[in-house]
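*Asks:* Sequence:
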Amino acid sequence: MAAKRHNRDDVVRGAFAVLDESGIEAVTLRGVAKRMGLHQNSVTFQVTSKAFLFELMAEVILGELSLDDLPEKPPERIAEVSKRLRLAMLSHRDGGRVIGGTDTADANALAYADVTISAFLEAGVSAVIATRASVALHCLIIGLVEEEQAERPNPRRHHISPDDYPGLAHIGGLLDEDSYTERAAFGIEALINQALLTAEVR
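In this text, residue positions in the sequence shown follow the numbering used here: the first is 979, and each later residue adds one.
Hints should not be assumed to be uniformly reliable.
What the hints assert, rightly or not - Below, simulated DMTMM-like cross-link-like pairs (lysine to aspartate or glutamate); rule was C-alpha separation at most 20 Å, straight line:
1. Lys1051 - Glu1033
2. Lys1061 - Glu1167
3. Lys1028 - Asp1081
4. Lys1061 - Glu1003
Keep in mind the hints are simulated off the structure, nothing from the lab.
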């Protein structure tokens, strides 16, 4: 029986298998080839480079972000798309780092960006603010997801002296107890509201 010929999609699937099993550091052309039982040259032929492989992986993650059944009101639409982006990243190990380390401009990325920017424009903000707020939201979500997915073998166990750090002592364990879901919702709402304030003063 002839050996199965692998295409680019096969390589991307193999890369996700490595990612979900071992994390982003293990996703190399050599690592993917080993996982698939192929020579590295076969993987390189399909994806050219590690950087391009990550772009393809980012496209897949963004493709898992549904843009269907979004709210009619622009602020709610922006918030919902942002929350869906976060969940798409969280569905893969180190998904935040995959998206954060790439600059893809495929149809999935463009569709997601267009929904967000169009909603800001519809809400009455300027093109500059729509661009700035959209990028800020994107970076906020990536950063929070990266932090949420980071492996921390030694959690914080420091005693906070109220004499030295009164503010930190006052909030107690909230730094550890506050969920990333709540942090994301807070940041998304804050950025949207700030952008909308500029529309009100125009």
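*Asks:* Against each hint, give a clear statement of whether it holds in the structure.
*Replies:* Comparing the hints with the structure gives:
Under the criterion of a C-alpha separation no larger than 20 Å, the hint pairing lysine 1051 with glutamate 1033 is inconsistent with the structure, at around 32 Å. Under the criterion of a C-alpha separation no larger than 20 Å, the hint pairing lysine 1061 with glutamate 1167 is consistent with the structure, at around 11 Å. For the hint linking lysine 1028 to aspartate 1081, the alpha-carbon distance of about 13 Å falls within 20 Å, and the restraint holds. Only pairs whose Cα atoms come within 20 Å are accepted, and lysine 1061 paired with glutamate 1003 is rejected, the gap being roughly 26 Å.
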